[in-house]
Amino acid sequence: MSLSLDDVSRIARLARIEISPAEATHTRDQLNGILAFVEQLQAVDTTGIEPLAHAVDVVQRLRPDTVTETDRRDDFQAIAPETEAGLYLVPRVIE
Amino acid sequence: MLEASLKQLSAALAQKKISSVELTTLFLERIEQYNPTLNAFVTLDHERTLAAARAADVQLAKVGAGGTASSRTVANMGAAAAPLTGIPLAHKDIFCTAGWRTTCGSKMLANFVSPYDAHVVERFSNAGMVMLGKCNMDEFAMGSSNETSHFGPVKNPWDTTRVPGGSSGGSAAAVAARLTPAATGTDTGGSIRQPAALCGLTGLKPTYGVVSRYGMIAFASSLDQGGPMAKSAEDCALLLNAMAGFDPRDSTSLERPAEDYSRDLEKPLAGLKIGLPREFFGAGMDAGVRAAVEAALAEYRKLGATTVEVGLPNSNLSVPAYYVIAPAEASSNLSRFDGVRYGHRAPDYADLNDMYAKSRAQGFGAEVKRRILIGTYVLSHGYYDAYYLKAQKIRRLIAADFAAAFKECDVILGPTTPSPAFKFGAKAADPVQMYLSDIYTIAVNLAGLPGMSIPCGFDNALPVGLQIVGPWFGEAKMLNVAHQYQLLTDWHHRMPSGLGKS
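Protein chains in written order, with this note's numbering: chain A, 108 to 202; chain B, 24 to 525.
Note that these hints are calculated values from the structure, not bench results. Treat the hints with care, as some may be off.
[To be verified] Per label pair, the in silico range of CB-to-CB distance: (1) A:177 to B:69: 29 to 35 angstroms; (2) B:293 to A:182: 51 to 57 angstroms; (3) B:456 to A:200: 15 to 21 angstroms; (4) B:52 to A:186: 29 to 35 angstroms; (5) A:179 to B:45: 32 to 38 angstroms; (6) B:304 to A:177: 32 to 38 angstroms; (7) B:66 to A:182: 18 to 24 angstroms; (8) B:175 to A:116: 43 to 49 angstroms; (9) A:179 to B:449: 43 to 49 angstroms; (10) A:160 to B:517: 18 to 24 angstroms; (11) B:290 to A:136: 51 to 57 angstroms.
Glycine included, C-beta positions come from ideal geometry on N, C-alpha and C.
For reference, chain A alone in the conformation it holds in the complex (with noise of 0.2 angstroms):
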């Protein structure tokens, strides 16, 4: 399986990463050289495997639904590229 340039441009949207056309070749084949060695992968017989998403077993712990934090909207604003009342700027969405 691999990767064609048109595939690298869909890949870069779903991951809203800019490349420019210049780039888009060199990042396609370096794509592919990874995807060719993970390719091992498929050789392997896993019928019946149990997929392990975390090797050690864990479960969600619960807690009481109580407010714990504690409102820190300032310092998390200071930090912020754009903010203006309270609120982060982005670019307008509806018009």
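Chain A is fixed; fit chain B onto it per the hints.
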């Protein structure tokens, strides 16, 4: 003082032979002198560091000579631990530090100042340790050579034309050059053990879940684990005592009774069964590495240990399985960097999507982008089963191999890396070659096991690491195995030449 163990530093501070300010100043001066060459630190703040040292001296004065530090410290460290109050420490720049810049080696976070401390940072500061600065690293911990850092590569103190390993390369170089007595690191596929091996120090990756990931910038959440990097196993045990412990803010932090990781250091090794995976001793290992590892095994036999061959038949699949699982988790974790709440935002853009795409294209380096793209692809519709689920099934086979092997032995020993430190640029052009640097370490992360690297000799004047893998929660056993070897050998006391002593 440069060669002193943490225990010796603790005693010197308690007996007022030296103050924390004096000790801290000694290391800050060394950093000033050697960091321009090594590039091991990305952020220093003398004022803040010295303020912490002065506060530690106040604590030490309250206790008086020969006593222990504050009860708060002892409570945090377990009853048998030596107090760490006043001893300097460097943090890998992946750990969030309130008031200090935390860059994760990335342009994306070049100006990021965290509003809170990571759990690990909090634990060490509660223990009274003094933060010297933040250590350089591969960008978002993705790399095995430190060449992916936005702040330039770290140089290996043993040979500055060579890499220190990665991703905790700044931490490793700083300890190796004695710019700090100890440092923190993180290990997702070998990022503590591989640089420890390449720089000639002792590094430990705990069992997954032992050290809280809260405030540790996430790369691959099911694999990431923080741990100590220092000169000796004895030092690592003391540091782990301070680092480990349950934290409700990390959903995978394990609720286990507190342990004193130093408790078994002095146990004799007679009767120890060492497993040697035949897959780790095949072709692909440098002759010099093999010779050093074989010599270490001979020392262990002298200590009364026996060796048994074990099999890890699926270990050859660990690197490819990792390069599906880790990028998949990374692509999800790194989606938070969108230029909205923190981090780099592109100066010019057409609309919201364009702002995301440009901010991320500008903020991330080439290796990070590659891994996000691979991760996005393997998780995308139509490919998820073929790649991600397949890799997770193989992950189970790899973990099962270790479980079977540990029925026949107490610990597993082998090389940490196939070769010693390589030259800058040697593997930078081919990602897959770079990935294979971690061929002996990655399986340990996939299985969630604890692993260590300790110095065991030299190959062409470059340090060689011996990897020790323990069973789940076998940290105290691994440290025992490492410490007994370090009592017999002095590899861990060797220091690169040309860096002065005092």
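These are the hints, each one checked on the structure:
For the hinted restraint 29 to 35 angstroms between residue 177 of chain A and residue 69 of chain B, the CB-CB distance of approximately 31 angstroms keeps it satisfied. The beta-carbon spacing between residue 293 of chain B and residue 182 of chain A, approximately 56 angstroms, falls within the hinted interval of 51 to 57 angstroms. Judged by the Cβ atoms, the range 15 to 21 angstroms given for residue 456 of chain B and residue 200 of chain A is violated: they are separated by roughly 43 angstroms. Range check, residue 52 of chain B to residue 186 of chain A: about 32 angstroms between beta-carbon atoms, so the 29 to 35 angstroms window is met.
Taking 32 to 38 angstroms as the suggested C-beta distance range, the pair residue 179 of chain A and residue 45 of chain B conforms, at roughly 37 angstroms. Taking 32 to 38 angstroms as the suggested C-beta distance range, the pair residue 304 of chain B and residue 177 of chain A does not conform, at roughly 55 angstroms. Between residue 66 of chain B and residue 182 of chain A the beta carbons are some 19 angstroms apart, a value that agrees with the proposed interval 18 to 24 angstroms. Checking the proposed 43 to 49 angstroms range against residue 175 of chain B and residue 116 of chain A shows it is violated: the Cβ atoms sit about 31 angstroms from each other.
As the Cβ distance of residue 179 of chain A to residue 449 of chain B is approximately 46 angstroms, the hint placing it in 43 to 49 angstroms holds. Residue 160 of chain A and residue 517 of chain B have their C-beta atoms about 42 angstroms apart, which leaves the hinted 18 to 24 angstroms range violated. Between residue 290 of chain B and residue 136 of chain A, the C-beta spacing of about 53 angstroms keeps the proposed range 51 to 57 angstroms intact.
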